[in-house]
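Peer 1: Each of the two chains sits in its own frame; use the hints to bring them together as a complex.
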Amino acid sequence: MKVECKDLERALREQEPAELAALESHAKECAACRTELEEWNELSVAARTLQRREEAPWLWTKIQARLKEEAQAEQERGARWSFAWLWQGFAAHWQMAAATVALLALTVTSAWMLTQRTAPGPVTPDAERRLLTDKTLKETETAEAAYVQSIEKLAALAQPKLANANTPLLANYREKLLVLDAAIADCRRQAEGNKYNAHLRRELTTMYQEKQRTLEEVLREN
Amino acid sequence: MYIEGVIGTQPFVKERSLPDPRESAPRQSESTRPAGEVSLAEAYAGGELGAFEQLYKLHGARMKSVAWNLLGNETDAEDAVQEAFLKAYRGRGNFQGQASLATWLHRIVVNTCLDARRRAKRHPEDEAIEPETPDALHPSSGTPHHPLRMALEKSVARLGAKQRTAFVLFEVEGFSHAEIAAMLKISEAASKNRLFEAKRELREMLKRTE
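Just so you know, the protein sequences line up as chains A and B, in that order.
Per this note's numbering, numbering through the first sequence is continuous, rising by one, with the last residue being 222.
Per this note's numbering, numbering through the second sequence is continuous, rising by one, with the last residue being 432.
The shape of chain B in the complex, shown without the other chains (with noise of 0.2 Å):
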């Protein structure tokens, strides 16, 4: 059985050799990293359904809300976590560790989902034109109300895809900085730089909407 709770997450070991700024950041190895994700990454890595199913129970659910403020609706959003559940299972020689499960599943739901916004822009009929209101659609969401959310998830299906990555894993699911950088294999500063402008951006767009 694997043990559930929140799992550490670290970098990726550098792809190329070209100087990696995340390289003094510090490496979670086996010996640091809880005995149950261990576990859980070896059968993951040994293709065990039964590690697929813990971990879509541990990071499903937030997989799909990423999907989902990337894609802008649900069914989508849906397909992504979906694809990105197989191509974890056929890359799964690939995982080496290096990373937390987490950071590994949700680089591959946010690269799923960046293919599929290209795929919509070369196919713009097939584009949603207006983000879905989970609140209409689905009741009981749960999701507090804010003045302002309206506004905001409309304003961010307007960003571009850089900075509207960055402003949904760091303000939207609470990614660290560190995190989004092994996720989009870029540096820490470059992450601060895309949410800046991210922010930036929306502040100037809700502001004419108001």
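This is chain A alone, in the form it adopts within the complex (with noise of 0.2 Å):
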């Protein structure tokens, strides 16, 4: 293989071991490339002196201290959550499968109660389409509940993931899970001082539909 001048850069760069072996006999007869390439390799050399080997027992007395309160968190955890636990013995799919039954039968639900109202008393028909009746709230409620519940559970079996985000895109997944759940616990404090305001149910619908995406990702992450 024949290494010019011009090639230097591309040599260095791509570090090929033919390349760089043609480059080294170049720079025997080229001063110019010579000097780069001594230069280019005084760098590694003085490189190799920043490396610290230095042993530092205290500090594995601390990461042990710490091993070992996380080991006893994890087991009170596991108590806890028994079910949780339960949950994650159940394959992935059916998890997911789970989660959008809830999910189909929250829509049908909110659905069915926007077309399904009762008498319309002295309340205007425009302001009648954007409340909910109480027998449709209680339904919606309960629809609900099963499809937070569901949630939970995906949240539960992503927790751990979430808690060790080391790569940057689970780390953008734990925010974002953050933010829908600081933005759901707003739009639920708002239902509850308006319990029939079928847009504000919808809201939340929309949102809890986007953190069950988010949560489904984030399991499908390695």
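Rather than coming from a laboratory, the hints here were simulated on the basis of the structure.
Cβ coordinates follow ideal geometry from the N, Cα and C atoms, glycine included.
Errors might be hidden in some of the hints.
[Said to hold, decoys possible] Derived lysine to any residue pairs resembling SDA-like cross-links, with alpha carbons at most 25 Å apart:
1. B:K429 with A:L43
2. B:K343 with B:D301
3. A:K176 with B:R344
4. B:K309 with A:P160
5. A:K62 with B:G269
6. A:K6 with B:F418
[Claimed, not checked] Okay, the calculated beta carbon distance ranges per label pair:
7. B:R380 with A:T100: 43 to 53 Å
8. A:M1 with B:E275: 20 to 30 Å
9. A:G193 with B:K376: 52 to 62 Å
10. A:S25 with B:K279: 36 to 46 Å
11. A:E16 with B:R430: 29 to 39 Å
12. B:S261 with A:C5: 47 to 57 Å
13. B:K343 with A:L137: 44 to 54 Å
Peer 2: Below, the structure written as structure tokens:
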């Protein structure tokens, strides 16, 4: 392989052994390339002096103490969330299917509520559209509770991954879920103060759907 | 008892469905992995604290060195190693054995350091201004003297995160581009590119300080 001055940068960038060997040969006869190569290699030699290999037994003592605390906390969590552990034994695709069924039930109930409004009373037709009756509200809340429960199970499954979000993608998912949880909590507060508002209920459903999708993506991440 | 020694390194299995240039690299299966590492990996996956002690003995010093060079001081480096071991404990269920434990642990510590740097950027009042000079603080560190060392250390601290990480892992710690690619989830070509950019920038910085 023949290498010329113009190939210097490419050879240093790509670091192909054959090309680097050819560059070494070329540098023997070319002062400019020789200087470049020497400076380049000098940097590598100096870099090795930044390596530190001090023994730090005290650090292991600290780590060990934290690991023991973590193991203890994990055991306690395990006891508290025994149902979640059972759920984890259930295949992931079945869990997603259960969450999807619950979502479907919630969507159908919401649609039914909007079409099956009861006696109008003194409210105007426009206001009536926005308000839910007591019966439909109860049905919505039941369906919503089932859906929320399914999502919480998914969240429990994704929690270990999120707690150890060691990739930027997982960290992003974690932040997105935090934002979603805050928005859901806010929307729930508003819905509790205005229980018959169908628009708020729809917003809440949309946010739960987004949370479900996000959790599913987290679970799919390796 | 686990067998101590050099643990082979292989890239992680690809995470996304996008084409992965590392796909063609050979994978390390349990059958080709040293028996000591297999048993250590099993003990690690089982959350045995003894396995973590063994991992610390094998990789702790190198992890701390990586963290020190990425964060610029010993205290933050020790915090990062501690945090990395906790993350490794919490995330042991995600270790599927496609990568070596060494690559896995270093990947965690590198990500921990990058997170710490991002946090420090958001709170610049907490960020260290200059890297510590280990010879002054730890005269027994035994690092060989080199005329470029002090200037190089300061210059490395001024590199961007990507270039700095590639430089520290390859030139300082001696990881291969395949290992760096696996740790940072990039291609080997990207790792080589980052290293080249880092060295070019360092050379310019060093020339300006001469």
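Peer 1: Taking the hints in turn, state whether each one holds.
Peer 2: Here's how the hints hold up against the structure:
1. B:K429 with A:L43: Holds, at roughly 12 Å.
2. B:K343 with B:D301: 17 Å, holds
3. A:K176 with B:R344: Holds, because 19 Å separates the two Cα atoms, which is no more than 25 Å.
4. B:K309 with A:P160: 10 Å, holds
5. A:K62 with B:G269: Roughly 17 Å between the alpha carbons, so the hint for K62 of chain A and G269 of chain B holds.
6. A:K6 with B:F418: Judged against 25 Å, a Cα distance of about 16 Å means the pair holds.
7. B:R380 with A:T100: 43 to 53 Å: 51 Å, holds
8. A:M1 with B:E275: 20 to 30 Å: 49 Å, violated
9. A:G193 with B:K376: 52 to 62 Å: At 58 Å between Cβs, range holds.
10. A:S25 with B:K279: 36 to 46 Å: 44 Å, holds
11. A:E16 with B:R430: 29 to 39 Å: For R430 of chain B against E16 of chain A, whose Cβ atoms are near 30 Å apart, the range 29 to 39 Å holds.
12. B:S261 with A:C5: 47 to 57 Å: Given a distance of about 53 Å, which is inside 47 to 57 Å, the answer is holds.
13. B:K343 with A:L137: 44 to 54 Å: 48 Å Cβ-Cβ, so the 44 to 54 Å window holds.
Violation of the numbered hints given earlier is confined to hint 8; every other hint is satisfied by the structure.
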